[in-house]
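Turn these sequences into a full structure, and let the hints guide you.
Below are the chains, spelled out letter by letter.
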Amino acid sequence: DVKVTQSSRYLVKRTGEKVFLECVQDMDHENMFWYRQDPGLGLRLIYFSYDVKMKEKGDIPEGYSVSREKKERFSLILESASTNQTSMYLCASSLPPGTGELFFGEGSRLTVL
Amino acid sequence: QKEVEQDPGPLSVPEGAIVSLNCTYSNSAFQYFMWYRQYSRKGPELLMYTYSSGNKEDGRFTAQVDKSSKYISLFIRDSQPSDSATYLCAIMNTGFQKLVFGTGTRLLVSP
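Same order as they appear, the protein sequences are chains Z and A. So the first sequence is numbered by the working numbering: it starts at 12 and just counts up by one. So the second sequence is numbered by the working numbering: it starts at 4 and just counts up by one.
Derived by calculation from the structure, the hints in this document are not laboratory data. Treat each hint with caution, since some may be false.
[To be verified] In the DSS-like style, the derived pairs of lysine-lysine whose C-alpha atoms are separated by at most 25 Å in a straight line are:
(1) A:K70 with A:K59
(2) Z:K14 with A:K45
(3) Z:K82 with A:K45
(4) A:K59 with Z:K64
(5) Z:K82 with A:K101
(6) A:K45 with Z:K24
(7) Z:K14 with Z:K82
[What the hints assert, rightly or not] Incomplete in silico selection of chain Z near chain A, CB under 8 Å:
(8) V23
(9) G27
(10) L52
(11) E112
Ideal placement from N, C-alpha and C gives every residue a C-beta, glycine not left out.
Here it is in structure tokens:
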């Protein structure tokens, strides 16, 4: 069965802390994505990656960075967390060239105090 | 103007009702149209996928695309309480993997 696993379901961090959100997929997918989901704004793409060590900015990359050292793992990094980064973060993966089918993890709810 | 517009709801219906969920989009270049379903505290999962205009049926679900009006719809027949979820439309350019999502419509089906 297809599986995208996000390491933490709930996190509470303080302003200025460095935050790591980890995502692992077991489907050998080339493409991986990080979205954030906010009420009234829907899903917004932060970063995506088509291959190992490759990354592309999405629509809202400011304040975030990513790392993809291995095909199965895609990490989202908040260098200095701020309160406006309180959100639900969703990781997803897919095969190229793309049918639009993304496989999502269950999400990581981050609260920045 | 947002690329995809979707009424956030909530939409409340009694069990057995026919449900209509809709999205409009602005860019005529989009060719692929999807509906995702998201249960509370879960990630979205693909429900229906269509390419270009027309209808696609899968059990109680029908996805409809009208490219001339830039309008996509999801119909649910004989709705069940288990259909209570948020439904997100998504669209994609040809050959490009990036999806654009609507904000989602929350559906509540009461027994």
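These are the hints, each one checked on the structure:
1. A:K70 with A:K59: This hinted pair holds, its Cα atoms lying about 14 Å apart.
2. Z:K14 with A:K45: holds (13 Å)
3. Z:K82 with A:K45: It holds: about 24 Å lies between the C-alpha atoms, which stays within 25 Å.
4. A:K59 with Z:K64: Cα-Cα ~38 Å, so violated.
5. Z:K82 with A:K101: Answer holds: K82 of chain Z to K101 of chain A is near 19 Å, not above 25 Å.
6. A:K45 with Z:K24: holds (22 Å)
7. Z:K14 with Z:K82: holds (14 Å)
8. V23: Interface hint status for V23 of chain Z: violated (17 Å vs cutoff 8 Å).
9. G27: With Cβ-Cβ at 28 Å, over 8 Å, it is violated.
10. L52: holds (7 Å)
11. E112: At 5 Å from the nearest chain A Cβ, E112 of chain Z passes the 8 Å test, so the hint holds.
Of the numbered hints given earlier, the model fails hints 4, 8 and 9; all others are met.
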